[in-house]
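Here the structure of chain A is known, so what remains is to put chain B in place on it, guided by the hints.
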Amino acid sequence: MIAYYLITAFLLVLAAWNFVREKERRQDLVLYLLVMIPLLVRLLRWK
Amino acid sequence: MNRDPLLKSALAAAVVGLVVWGGLPLVRHRRYDVPVVKGPGVTAVHRLSEYSPGLKGSLADTNVYVLEGREPGGKALLIGDTHSNEPEGMLTAVIVIENAVVAKGTLYVIPFFNNSGSRNTRAGDGYPLYFDVATDWGAQRFRFGNRDASPLDQWPDPDVYIHYPERQLLSYIDVRNTNRTWPGRADGPLMERVTFGAMELMRREKIDVAVDIHGAETMFPVTNCIVAPERSVKLATLASLTLKATEGFENHVEPSPVGFRGLSHREIGDHGPSLPFLLEAPIPFLDQPTGPKTVKLLLDGKDPFLLSLSKKKKLFVPYDESGWPLEKRVGQNLSVTLEILRQFSKKTADRPIAIRGVPRYADVVKAGVGHFLADPATAPAGAVVLN
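If you're matching them up, the sequences are chains A and B in order. Residues 1 to 47 (the working numbering) are what the first sequence spells out, left to right. Residues 1001 to 1387 (the working numbering) are what the second sequence spells out, left to right.
Excised from the complex, chain A in its bound form:
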């Protein structure tokens, strides 16, 4: 179970890092945010 949370955290950091680095494509910014939602909710265990 811990491994799944670590994978979730890793993917979240990856998406967040790409969001910060992205300078031009607004569409990609929105996509990064959308991808981060389920990862963040899962990591924080929000129900």
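Errors might be hidden in some of the hints.
Said to hold, decoys possible - As a list, the in silico DSS-like pairs of lysine-lysine whose alpha-carbon atoms are at most 25 angstroms apart:
| id | chain 1 | residue 1 | chain 2 | residue 2 |
| --- | --- | --- | --- | --- |
| 1 | B | K1234 | B | K1347 |
| 2 | B | K1008 | A | K23 |
| 3 | B | K1314 | B | K1302 |
| 4 | B | K1056 | A | K47 |
| 5 | B | K1244 | B | K1328 |
Rather than coming from a laboratory, the hints here were simulated on the basis of the structure.
Frame of chain A, contents of chain B only:
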């Protein structure tokens, strides 16, 4: 001026706003409790976690209503909402709880078996979150759930669900399906703990008859039927033939396949003392080629696309302009359940189960489902149980 941080903050705020706006109705649905009034026959209300401690504190735990008769006799377990998008099972169980008086034997009723699933939804299919049943005193609101438990309660899903104990490979999603996780384990995934709780109840209380009440698509061959394994098939056939003769509706018998594991009609009999039966009433809402999945379709079962398919003989049940309304589905489930118990009592005279006060098919079709639901607002203090 660098507009980059400003743009990103605005986008993030917009996305958070959308998440909150879209998420709040789901949060409310997950926390919405359905009131059930303890009828004249209810003698106790237990929790399933008393039989499966691994459920304690989780949303998978659920109420078990006990209706103990004045005289001893046989024991039966009725299960509704194994699949929470088939509400005729849950409504059948609620009507029994609110109306039945047991003269001989004991009834155990679990109206929200997959409690987590009943607080889940299928957003991709546009499922409604609630449905209202018109009653003599207003409308009673129920949660409309999903076939599977919520991933908020049981996560992560495996790539393939390996059934316990047969090790048959099933679809990954079936690990959250309480009609694939029978007989379950005390320390397995959460839905295995739910079915384990029911198995323990049947073993400890020495349940004779277990009836798992469902609905099925009109385009699915296993519909409008009683599914029974070898040991229950005789009683199921007698019930089916008697109902055809006395109440005039078809409800054929389907054999429970030996090679398909995890289903209640197979595992309950293979791993416990009870005779299992699974009831399927046709529910057009579940068919794929229908119009929008509205509450109206759920309640009246009328759909022009199914009507067209019926004329081309593509359905497994008779279907005309009258659809398959909730009244017919719930009434059918009630009559079949009562008839199974009557046939069991005839065959096993030393363990009779005698019930009165429960409406039958013709009563429900005539008066409607809501006529048999009690008003929580006027119920005596302590009689309302939240589910």
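Each hint tested on the structure:
Annotation: proposed proximity of K1234 of chain B to K1347 of chain B holds, straight-line Cα distance about 10 angstroms (limit 25 angstroms). About 10 angstroms separates the Cα atoms of K1008 of chain B and K23 of chain A, which keeps this hinted pair within 25 angstroms; it holds. Of the pairs offered as hints, the one joining K1314 of chain B and K1302 of chain B holds, with about 16 angstroms between alpha carbons and a cut-off of 25 angstroms not exceeded. Restraint check: the Cα-Cα separation between K1056 of chain B and K47 of chain A comes to about 18 angstroms, which is no more than 25 angstroms; the hinted pair holds.
Straight-line distance between C-alpha atoms of K1244 of chain B and K1328 of chain B comes to about 14 angstroms, which keeps the hinted pair within the 25 angstroms bound.
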